[in-house]
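Visitor: Chain residues, written in single-letter form:
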Amino acid sequence: MRTITLIGAIKEALAEEMRRDEDVFLVGQDVRGGIFPHTKGLIEEFGEERILDTPISESGMYGTAMGAAQEGMRPIVDFMFGGFSYVTFSECSVSTGQYHFLHGSQRSLPVVMTAGVGTGQRLANDHAMSIHGTFAHHPGIKVAMPSTPYDAKGLFKAAIRDNNPVMIPWHMGIMMLKGEVPEEDYMVPLGVADVKRQGSDVTVLANSVQLQNALKVADKLDGEISVEIIDPRSFVPFDMETLLTSLEKTNRLVVVDEDWESGGFASTISARVMEQGFDLLDAPVTRVCMPNMPVPGGYMEEYVAPNPDKIEAAIRNVCA
Amino acid sequence: MRTITLIGAIKEALAEEMRRDEDVFLVGQDVRGGIFPHTKGLIEEFGEERILDTPISESGMYGTAMGAAQEGMRPIVDFMFGGFSYVTFSECSVSTGQYHFLHGSQRSLPVVMTAGVGTGQRLANDHAMSIHGTFAHHPGIKVAMPSTPYDAKGLFKAAIRDNNPVMIPWHMGIMMLKGEVPEEDYMVPLGVADVKRQGSDVTVLANSVQLQNALKVADKLDGEISVEIIDPRSFVPFDMETLLTSLEKTNRLVVVDEDWESGGFASTISARVMEQGFDLLDAPVTRVCMPNMPVPGGYMEEYVAPNPDKIEAAIRNVCA
Amino acid sequence: MSLTKEQKLTLFTNLVRADLYDKMMYRRMMQGKLIGFYHPIEGGVAPGVGACTFLNKDDNLNPHHRGHGMAHMISKGIDVRTFLAEHTGKETGCCKGRSAFHFSYPDHKVYQMSGFIGHNFAPCVGWGYAAKRRAQGQVVMNCSGDGSYGQGRAHEAMLMAQNWKLPIIFFCENNGMSIFSTAKEMHPTENISSLAQGFGMPAVVVDGQDVFAVAEVALAAIADARKGKGPVFIECKTERFTEHDIGTPDLAGWEDRTPAQHEDMRKREPVNLATERVLADKTLTQARIDAIREAALKEIEEVEAFADASEIARPSEEELLANVFAP
Amino acid sequence: MSLTKEQKLTLFTNLVRADLYDKMMYRRMMQGKLIGFYHPIEGGVAPGVGACTFLNKDDNLNPHHRGHGMAHMISKGIDVRTFLAEHTGKETGCCKGRSAFHFSYPDHKVYQMSGFIGHNFAPCVGWGYAAKRRAQGQVVMNCSGDGSYGQGRAHEAMLMAQNWKLPIIFFCENNGMSIFSTAKEMHPTENISSLAQGFGMPAVVVDGQDVFAVAEVALAAIADARKGKGPVFIECKTERFTEHDIGTPDLAGWEDRTPAQHEDMRKREPVNLATERVLADKTLTQARIDAIREAALKEIEEVEAFADASEIARPSEEELLANVFAP
Ligand SMILES: Cc1ncc(C[n+]2csc(CCOP(=O)(O)OP(=O)(O)O)c2C)c(N)n1
Ligand SMILES: Cc1ncc(C[n+]2csc(CCOP(=O)(O)OP(=O)(O)O)c2C)c(N)n1
Ligand SMILES: [Mg+2]
Ligand SMILES: [Mg+2]
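Chains as they are written, first to last, in this note's numbering: chain H, 1 to 320; chain L, 1 to 320; chain P, 1 to 327; chain V, 1 to 327.
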């Protein structure tokens, strides 16, 4: 099968969905020219009516999507960098998440939000922080994040066809990662985790760039420690069943997440496993997260953020 | 000792600190007139130069505080309802939290943020949600919340004198709660939990209105189950030592928090206890949180939010 | 544009209804028969009626929070029995009793009443975009207060509306107050609508106590917007006779609004003004006016009976959880 | 206000320095000797120099992100050796190598370079408030691009500045571009400064390629602001000769900016224009100009040597964690 990049897979999903459904459109800043490759060139096929650049007016930009969704359209809003979603946070978290439920579940709000996130560019906190945990904290919004080009295409398609708001950031550290991606139409359903590697000694739950890091570590430990690796693929809804099934076998869990330790989604997983799988555990669930500091710029993110060394140490520790 | 209300204790702290230090000032919307009682009347003593009403411009309003803090002043910014902080979230979370650290720890940013939060008014999600977990997720911001009038006065004073940004919401459900409050100057340090009730069978960690609910339940269970109740008082920094010491005795923990289950601060506590106190646990840490739905308006918040019945059930369950 | 006799009749009827609906809400709140809060619109009832009476069903409406949008919604033809049911936490409420004051009538393109002031602005860009793309002549009537224009969101929406020439009417109901704060202190120019100049957007200021004057201006703006002429700003100078919301003191800054102030503003009560006008120009007789009032009171009685007869909404937690996401 | 010979000399010197500093940054980025990104200011160097050369040390400055504020900061008298060290991740950086492009010079009242465009606006209200309260004549020079005025934050700051009569200069460096988007498309009027009308704020438009013209306008505005006359809006019409940031294509919308466009804008290169002027009016001789250039190059060499000789910042995680909160 052909291999394409993760960002190329996202672009393919956007283009195919826009072809399929006239109501799908894209709004962002400089998406016509394409700050990141996934929007570049879409203007040629879909024109200015469906590829919209706005001023640096995040609320107006997001409002374009929100209002159009209320009108029955299916907008995709591109925040460029994940942190920029915070500029219109009251709209894109609270107003969005409560829309369907609070109004008596009369109408849905099918807005897809996306943005580049994560470390690797040495740009520091406001350009490097994670946002999936923050959105997973606010009810009424589905949250997913791809770790492979295959998942990227499938998750974006599922997000665009979902009738709910979906935040689906992508990690800048793997935007050029290549992998096999079918040319056909397929979806990766939101809420279904994927066992990316079978193992028997310990389960590692990891997402996006950290999933790729975990795979490297598992290869390295091969023969010594047998590591099972699960990719949640979506945080909301979260596939607890796949995780607990794995724990029945391994009885040990390491959660790797680039979000902060304090209040990050890894904590929620750990707490749920405690409540729902306490008896399965031979060792405490261990988290490898961003320590509770703003993501430093310069060269520091390399050793401060979760990385293969930290993941390996956690695995060894939990298996000791 | 005289008893005053929690909101009265906050007002006393504000007034005393403004008297003590010229650089302390208050900015908000309609704080001169006093939407809530803690700001009412301050204008008479401190005048329009230090009690500032702004237009409905949350960013400009928060910016007044942020900029003045950079200039060495000690502003208190009142968001009225907690959810309104989200209107200027990029400023009050990311820009604020990263300010000191990212700039090489040259300058601090002593901004105090406060707001009424929580259920009890039947106003629904955007007027009823919790925000302490969200702020505790973003590094560089201290987060505290009082459960008693005594703590309210002491925590607010500590927050105002702290050299860091501090978010200190107060729960509308206990604003009229009365308790003993010394007339003297005292502080309740940020980062020191308080054992509000001694017990031996189970530890309940609870804050603000839920702390008051937990006390009621403990009284009810007296003679049957011996409940120790800890008030974290501050979430960042969090006093893990007091909690672990209690668990050495009780070996059981229920965390009650009005924030959502997904991504709320209760998860972080549970995960930390898993990592740091796994061997102390005779039962899984159990959380009693807001279920993952927007806080419903109408009469539903009464049985959906954490309440004495839910707390009692959790205690019984964890002790079974 | 001058109004037909029939148009005047409709406006007058809606004005009377809106005013009486507001009084019903006030009364019920005092009786403990409403949940959450209520922001009375007494004295400021004409702008919403003038703006909305001649909207089509498929025009978008952002109703002002004052009077919780009832003046606007009943004028647009929405049956608000389910509105009162919602405000009393009933199963039959327009949002199944879940929303407190966050009502929604999506079939009438009233999508939301945000709890965040100024959060009407962003989505109205999207409504305008959809209207423009569909090219069926829909307009967006975006009603909000003077205070809401403090939000940067207002700027962003005006900017984008003018860039894209969207059919949005920025309809500002300037009652000079934002809770305790006066527009005098909170906005540096005489008119909020001076903001429109920054975008080269046409603006008009109108006497907001005169429902007919408002309607004339609104009709012209609606017609222009339907033709694709782009956004327009309408500022109505109006009043808030009461406190901001029931239970809050009636302050300006931090001092009570004076009896003299009240007397002054109450001289131009919109229902009285309209009554004088329709009598003077013989649009209506006193008997007809009395009948309109009677009919409105009867309608409101039915609205109350409907809400009161409905059950309190008490779905289980599981049911609610199953309703967070759309299928 | 007409400039003295000495003032012109200072302006010219800063202009040459700013231009050469920018070229150094560009070169280093291409050499892989900078971290993060860099947004070149070539062609747009005059506004920052004109705005900042005559500021006092205790005036607040928000430097524009273009050129990463170097034109502004060196003009204000800040020694930027630690700036380059910061941009290379060194221990000696102004923020200990932690900040990437988020430099800070608090002793010179340059508190921040936000990564969020338009996040200069909110805190400048606080700086203005502090300046007004202290009443020592400080002013706030708030420099940012045309694009930044898309943010509602700009509206909120202008509103509050005008309400409170704060000494803030809204200094808009309008290069007609915001990444790939043109001001033509993104702002509905000819001048961004038309926004000031909404607040009754005085505004002036100036040729941003002429450093002396900018300085004259800036000096007048600074003097007025110091006297307590309230905020003012200055719009400089300038250019961005390069791509938005290094590595990004040079597009307008989604098409390459044309050679003709480039030729056209490059006709008015600010250093050339200023050179012609100072030669023509005999402020400087060619020899003096050459010496100024030499000195600037030497200064920059030292800046580079300082940064390159410094160690990469590699504090331990524990050290960093201990630095999150102030004592
Ligand atoms: C974001 C936000 N900030 C503050 C409030 C509190 N608040 C509710 S109504 C109101 C005043 C609104 O004034 P205006 O827009 O003039 O409408 P009016 O009430 O005068 O009709 C304020 C400040 C809010 N609901 N949301
Ligand atoms: C909140 C936010 N939105 C978007 C961006 C991405 N961005 C960085 S610079 C820029 C353009 C700025 O244009 P302008 O203010 O005109 O300054 P110029 O770069 O032209 O000098 C944009 C959109 C950002 N950094 N922050
Ligand atoms: Mg008003
Ligand atoms: Mg620009």
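If you're looking for bench data, these hints aren't it; they were derived computationally from the structure.
Please note: incorrect hints may appear among the correct ones.
Listed below are the simulated BS3-like cross-link pairs for lysine-lysine, each with C-alpha atoms no more than 25 Å apart in a straight line [to be verified]:
id, chain 1, residue 1, chain 2, residue 2
1, P, Lys229, V, Lys184
2, L, Lys249, L, Lys216
3, L, Lys157, L, Lys220
4, H, Lys40, V, Lys23
5, H, Lys220, H, Lys157
6, P, Lys184, V, Lys267
7, P, Lys184, P, Lys8
8, V, Lys132, P, Lys184
9, V, Lys227, P, Lys227
10, V, Lys23, V, Lys227
11, P, Lys132, V, Lys227
12, V, Lys57, V, Lys267
13, H, Lys178, H, Lys216
14, V, Lys57, V, Lys8
15, L, Lys40, P, Lys298
16, P, Lys165, P, Lys184
17, P, Lys165, V, Lys165
18, L, Lys157, L, Lys178
19, V, Lys184, P, Lys184
20, P, Lys184, V, Lys23
21, H, Lys196, H, Lys310
22, P, Lys282, P, Lys267
For clarity, every value in this text was computed on a predicted model and none was experimentally measured.
Visitor: Decide if the proposed pair is consistent with the structure: Lys23 (chain V) and Lys227 (chain V), CA atoms, cutoff 25 Å inclusive.
Guide: violated (38 Å)
Visitor: Below or equal to 25 Å on CA atoms is what counts here, so check Lys165 (chain P) against Lys165 (chain V).
Guide: violated (34 Å)
Visitor: Has the given pair, Lys227 (chain V) with Lys227 (chain P), been kept, meaning a C-alpha gap of at most 25 Å?
Guide: violated (49 Å)
Visitor: Hey, Lys229 (chain P) versus Lys184 (chain V), does the alpha-carbon distance stay inside 25 Å?
Guide: holds (19 Å)
Visitor: Does Lys267 (chain V) sit within 25 Å of Lys184 (chain P), going by the straight-line distance between their CA atoms?
Guide: Roughly 48 Å separates the two Cα atoms, so the pair is violated.
Visitor: Taking only the CA atoms, is the gap from Lys57 (chain V) to Lys8 (chain V) under or equal to 25 Å?
Guide: holds (20 Å)
Visitor: Can you confirm whether the C-alpha distance between Lys220 (chain H) and Lys157 (chain H) stays at or below 25 Å?
Guide: Answer violated: Lys220 (chain H) to Lys157 (chain H) is near 34 Å, above 25 Å.
Visitor: Is Lys132 (chain V) within 25 Å of Lys184 (chain P), Cα to Cα?
Guide: holds (21 Å)
Visitor: Would the hint linking Lys40 (chain H) and Lys23 (chain V) be met if the CA-CA limit is 25 Å?
Guide: violated (29 Å)
Visitor: Take a quick look at whether Lys157 (chain L) and Lys178 (chain L) sit within 25 Å of each other, Cα to Cα.
Guide: holds (19 Å)
Visitor: Starting from Lys40 (chain L), check that the Cα of Lys298 (chain P) is at most 25 Å away, please.
Guide: Distance of about 42 Å is beyond 25 Å: violated.
Visitor: Holds or violated: Lys157 (chain L) and Lys220 (chain L), Cα atoms, limit 25 Å.
Guide: violated (34 Å)
The earlier numbered hints that this structure contradicts are 3, 4, 5, 6, 7, 9, 10, 11, 12, 15, 16, 17, 19 and 20.
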